[in-house]
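Novice: Produce the complete structure using the sequences and hints provided.
Protein chains: 2
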Amino acid sequence: MNRPDPPDLPDPPDLPDPAWLPPEAFRPLGTRRTLIQGTGPLVETVRGEVTGACERFGGEAVRDGRHDLLLELTAGDDLGLGAEGFAFAREDGTTTVTASGQHGLLYGLFHVVRLGGEAFTGSRPREVHRPATKSRMLDHWDNVAVHPVMGQVERGYAGGSLFWRDGRARGETERVRAYGRLLAACGINAVCVNNVNVHATEARLLTERIGEVAAIADALRPYGIRTHLSVTFAAPVVLGGLPTADPLDEAVRDWWARAVRGVYAAIPDFGGLVVKADSEGQPGPFTYGRSHADGANLLAAALAPHGGTVHWRAFVYDHRQDWRDRTTDRARAAYDHFAPLDGEFAPNAVLQVKHGPMDFQVREPVSPVLGALPRTRLAVEVQATQEYTGQQRHVCWLGPMWSEVLRFRAEGEGGATVGESADDLVAVSNVGDDPFWTGHPLAQANLYTFGRLAWRPDADPHAVLDEWIGLTFPSAPERLTAGLRAVLRGSWRTYEKYTAPLGVGFMVQPGHHYGPGVDGYEYSPWGTYHFADRDGVGVDRSAATGTGYAAQYAKAWAEVYESAGTCPDELLLFFHHVPYGHVLSSGKTVIQHIYDTHFEGVEEAEEARRVWAGLADLVDPARHARVAERYEEQVRGAREWRDQVNAYFLRKSGIPDERGRTVY
Amino acid sequence: MNRPDPPDLPDPPDLPDPAWLPPEAFRPLGTRRTLIQGTGPLVETVRGEVTGACERFGGEAVRDGRHDLLLELTAGDDLGLGAEGFAFAREDGTTTVTASGQHGLLYGLFHVVRLGGEAFTGSRPREVHRPATKSRMLDHWDNVAVHPVMGQVERGYAGGSLFWRDGRARGETERVRAYGRLLAACGINAVCVNNVNVHATEARLLTERIGEVAAIADALRPYGIRTHLSVTFAAPVVLGGLPTADPLDEAVRDWWARAVRGVYAAIPDFGGLVVKADSEGQPGPFTYGRSHADGANLLAAALAPHGGTVHWRAFVYDHRQDWRDRTTDRARAAYDHFAPLDGEFAPNAVLQVKHGPMDFQVREPVSPVLGALPRTRLAVEVQATQEYTGQQRHVCWLGPMWSEVLRFRAEGEGGATVGESADDLVAVSNVGDDPFWTGHPLAQANLYTFGRLAWRPDADPHAVLDEWIGLTFPSAPERLTAGLRAVLRGSWRTYEKYTAPLGVGFMVQPGHHYGPGVDGYEYSPWGTYHFADRDGVGVDRSAATGTGYAAQYAKAWAEVYESAGTCPDELLLFFHHVPYGHVLSSGKTVIQHIYDTHFEGVEEAEEARRVWAGLADLVDPARHARVAERYEEQVRGAREWRDQVNAYFLRKSGIPDERGRTVY
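Line by line, the protein sequences give chains Y and V. Just so you know, the numbering used here puts 246 at position 246 of the first sequence, and the rest follows in order with no gaps. Just so you know, the numbering used here puts 493 at position 493 of the second sequence, and the rest follows in order with no gaps.
No lab work stands behind these hints: they were computed from the structure. Note that the coordinates shown come from a computational prediction; the quantities given were computed from them, not determined experimentally. In this text, a Cβ means the ideal position worked out from N, Cα and C, and glycines have one as well. Mixed in with the good hints, there may be bad ones.
Unchecked claim - Not the full set, but computed from the structure, chain V residues with beta-carbon under 8 angstroms of chain Y:
no., residue
1, R324
2, D533
3, R534
4, Q644
Specialist: Have a look at this one:
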């Protein structure tokens with residue numbers, strides 16, 4: 001008997017799609033007269049953009065005299081704009097973008113593009129725009145050499161890597177530059193070019209292969225993007241031939257200092273290092289009896305003289321857990337490991353925390369780590385690549401989910417939001433060498449939304465989505481705009497409905513994580529269980545009777561989560577094991593909720609497919625066909641989810657659907 | 001999140017183990033005077049064996065005069081021995097082996113070796129030994145090129161292939177010859193050198209790469225082994241460039257005739273072709289609206305002029321089944337496809353039928369196909385490679401299972417046994433380039449037992465096991481013999497106990513099939529379900545209320561299987577869906593049987609490990625260590641099976657173990 005076929009791979013690469021920067025988006029700018037004041041390489045990028053737009057649309061980049069738009073780089077920073085901020089104003093028929101740093105000028109330019117014709121109408125008092133976060137980074141889980149199990153891009157659903165192919169750098173500067181341009185246009189300023197799981201080939205990027213990283217950095221730099229590198233904590237042993245990688249060993253510290261000097265010699269504006277340590281088999285400081293602060297500070301010390309940062313991932317847990325042991329709770333792990341270390345991290349060490357305590361499920365509570373280390377720089381990590389959210393074969397626009405996380409107040413009412421307290425925002429990239437960049441053309445919206453929310457975490461995600469629609473489909477008629485809104489806005493909730501219910505998570509096929517497998521991880525060593533039996537389902541994470549995870553939150557949330565009566569419905573099974581007859585605050589029983597949402601989810605996916613089909617006359621045929629084809633798979637997949645999940649719970653609970661629909 | 005690690009690969013190859021032909025086994029022969037009469041290449045093989053033994057132990061291969069042993073090839077065949085039979089007798093201090101064919105003389109020699117000292121004591125009236133089957137074949141599921149998912153050997157657990165490595169023939173004639181010698185010594189006379197799933201590289205063995213097959217045939221021929229080849233039904237298209245592979249197309253028939261002529265030009269004693277058609281994605285006659293008899297007869301016609309045979313596999317079923325559809329039953333498929341074709345197959349076409357209706361589970365009923373085609377030549381296929389029986393990391397001696405199949409009387413009392421009505425016996429090989437040939441040293445017993453049961457299907461498997469012990473461990477003290485019996489005899493029942501209960505099957509991890517996955521195939525397209533719910537478990541295959549599979553048997557068995565009251569316990573869940581409280585003929589409820597057998601199975605595995613540990617002083621250290629190491633894994637695995645299966649059924653049924661043992 002053979003294995004089932006793995007999911008199909010995306011089509012081979014082609015000329016990339018313009019995404020949210022189609023030439024047409026530059027028409028309002030390109031028909032105007034623009035004066036650019038200032039010097040520097042990013043100012044040249046701005047000048048190039050303006051000149052290109054004017055050549056296409058008949059406007060002019062003027063050296064002086066009358067102009068419709070002034071892009072000015074000021075000497076001082078009276079407005080407190082910082083390096084990346086800009087001010088935007090319009091009066092007396094002239095629009096002005098003011099920046100004190102070149103990056104700010106570039107972002108100001110793209111702000112004008114985003115506004116379109118509006119940038120040149122009426123009057124506008126001066127608005128100041130500054131990013132809320134310092135680093136807005138994409139982590140590429142790209143392997144240099146094809147990994148025997150994970151392939152060229154780990155959890156990649158958009159073809160090959162932009163950077164690497166079969167062990168070598170691709171050297172496709174133009175495509176990387178075009179990528180950087182797209183990123184700058186949504187506010188992203190950092191890219192980590194290789195997988196956090198650093199295998200043998202990739203380890204050498206730090207040393208003898210740093211030139212290949214430098215070439216990528218050269219292509220990204222004109223758009224204000226700094227390049228970062230994932231490294232293995234064992235590098236001093238693996239690359240340096242030292243007998244240890246102990247962070248307190250002098251020779252180890254010297255080795256890292258030398259290695260990092262080498263990196264900066266090749267890439268003077270290098271951003272820093274990303275490390276996954278003591279996690280899923282990666283080496284780390286635990287080997288030497290040292291703390292993760294020791295580990296992070298080792299690299300921070302090497303980076304500090306050069307202005308670099310280490311992003312140290314908090315994704316540390318026991319991935320060899322015994323499913324029989326109900327006292328160990330993977331959800332607790334990051335907090336248990338890192339909360340006691342608050343205050344011990346160097347100023348240029350950033351703790352990179354997944355937004356939820358588990359692993360990018362369609363619904364998780366906000367990680368308690370995000371409220372637990374007030375004296376530590378934190379990066380919030382989200383996953384644009386849709387590992388658990390449909391793998392870019394299903395539409396699942398994650399804006400609302402990310403926005404919920406960023407607006408979460410860890411201390412309760414009156415406290416700061418996660419978005420306010422985060423220093424950096426990081427997304428695992430969903431991009432590859434696919435002609436549409438992201439496999440599913442509509443998944444571009446996730447990348448764009450991430451960038452914009454990273455810049456401004458309190459932004460309304462629906463407004464961001466409208467921006468994306470406006471840029472990607474310039475002059476879209478109302479029917480197209482409405483159709484795109486209809487298929488995207490609710491798509492995360494739809495995906496949630498037809499997959500794992502009420503925050504329970506992980507009912508996926510093991511390994512590739514595509515498609516339903518209700519018991520797929522139930523008896524595994526990964527710490528991801530639902531404990532469904534004939535009476536009920538869910539994980540008791542209360543302090544009173546469960547694993548105590550709920551008590552990792554500040555009091556306001558700990559109380560809410562502690563009781564099944566106050567816990568929000570959508571997280572109920574994450575925090576509590578309840579009988580199938582438990583009545584939700586919605587008024588439905590858990591079992592009926594499972595049936596209802598699974599039927600609704602499929603209906604919504606079918607409706608989205610129908611809406612998309614009706615847009616055929618308004619969308620470029622290739623793009624329309626690609627999306628239509630993926631909707632077939634989404635609807636097929638949604639039905640499979642519905643039927644497997646419903647059948648599983650009917651067989652366990654014995655409680656029929658009260659509406660008498662078919663459950664197998 | 002990463003995938004779990006795949007099971008470890010076996011150690012790298014080394015000098016192969018002598019298995020059941022250690023030099024010491026030749027001592028009784030090698031100390032005697034032997035006269036060999038006859039000529040021919042296999043007689044030379046016999047002479048070489050005798051000479052080698054005498055050189056080592058001081059006897060003599062004499063040309064005439066006094067002798068202890070006469071090995072004579074007669075001109076006629078007065079005794080009706082056929083090509084492979086021999087007569088054995090001893091009187092007046094002389095042992096005589098008489099054969100009318102060279103193959104018979106070779107088998108007679110190994111009979112003498114098997115008897116050891118007994119062959120030379122007392123008197124023995126003439127016994128005639130003839131194989132009950134014509135072809136006793138090993139199918140190697142070896143790939144020439146490493147398959148991206150299945151590797152070098154599909155379902156191989158003994159290292160690489162003996163024949164192929166990384167796309168090339170290994171050309172290791174000596175090792176292949178040594179393999180042939182082992183096979184001859186247990187009666188095997190045919191080897192198919194490549195996987196029944198014929199991929200692109202392997203397809204070419206039939207034509208431009210036939211020389212590589214011929215080199216293997218040359219190495220096997222001295223031990224009386226004919227070489228067979230798996231081919232793709234699409235060969236005329238794939239290799240010949242024809243527009244069709246329609247079996248009734250003249251050009252296709254001509255193409256096959258030419259191709260087969262080419263094979264025989266390279267290998268004059270070529271055995272024939274093996275075909276997996278219309279099965280799990282392989283091409284076949286259905287594409288052209290033709291029957292499987294049309295397909296098989298096409299190849300039979302090409303082979304007939306040369307005396308070759310086509311082995312046509314009956315493993316045809318829908319592997320894209322919808323799990324929601326309870327009317328389709330994979331178990332029915334082979335009978336439904338092939339029973340109506342009885343009488344239509346050419347005389348040199350052999351229908352190769354898996355012993356059970358599904359796929360080599362630890363317990364299945366005997367395939368109803370084996371009683372349904374009286375006018376068709378049948379080969380019974382068993383699986384020596386332990387795909388579903390512990391993958392040569394667990395001890396699972398399959399002799400008793402195979403013997404039960406071979407002694408099954410398809411027509412009921414008074415009818416012929418499967419062993420009597422089968423023309424050929426085929427096993428999927430469990431051999432690779434592992435130094436112990438089979439990964440687990442004790443898995444050698446499966447290979448030996450297969451050969452001996454293929455020769456004589458009514459043999460007592462325990463007597464065969466004793467032969468294997470006697471040959472493999474010459475002069476074993478009673479403690480060793482007793483220990484080996486203790487760990488092997490019951491090992492199949494032990495494995496059955498701790499894995500899938502009562503014939504239900506397929507509770508394995510998808511893909512690699514190692515370790516428990518109770519719902520692993522429950523919602524898959526593979527047609528392998530158990531339908532467990534909170535009330536009961538099993539598949540209703542009765543005629544009255546189920547899929548009707550039970551009615552595919554002759555009346556005697558159809559009646560037995562039809563009712564849960566008469567169905568044998570060990571097959572109950574294969575034939576019936578019953579409540580957990582259903583009382584077995586053993587007097588236990590189904591649920592208590594599940595708990596009890598799973599606890600017992602682990603205890604038995606632990607006890608076997610203990611027994612083996614106690615044999616350390618009597619077994620070669622390398623072999624002892626290899627087995628001891630695998631027992632650690634077996635016990636770990638058995639506990640995992642016990643706990644997952646018990647937990648699954650406790651959670652579903654809610655019925656506690658009446659003995660209060662720990663179920664998680």
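Novice: Against the earlier hints, flag every one the structure doesn't satisfy and list their numbers going up.
Specialist: No hint contradicted; all consistent.
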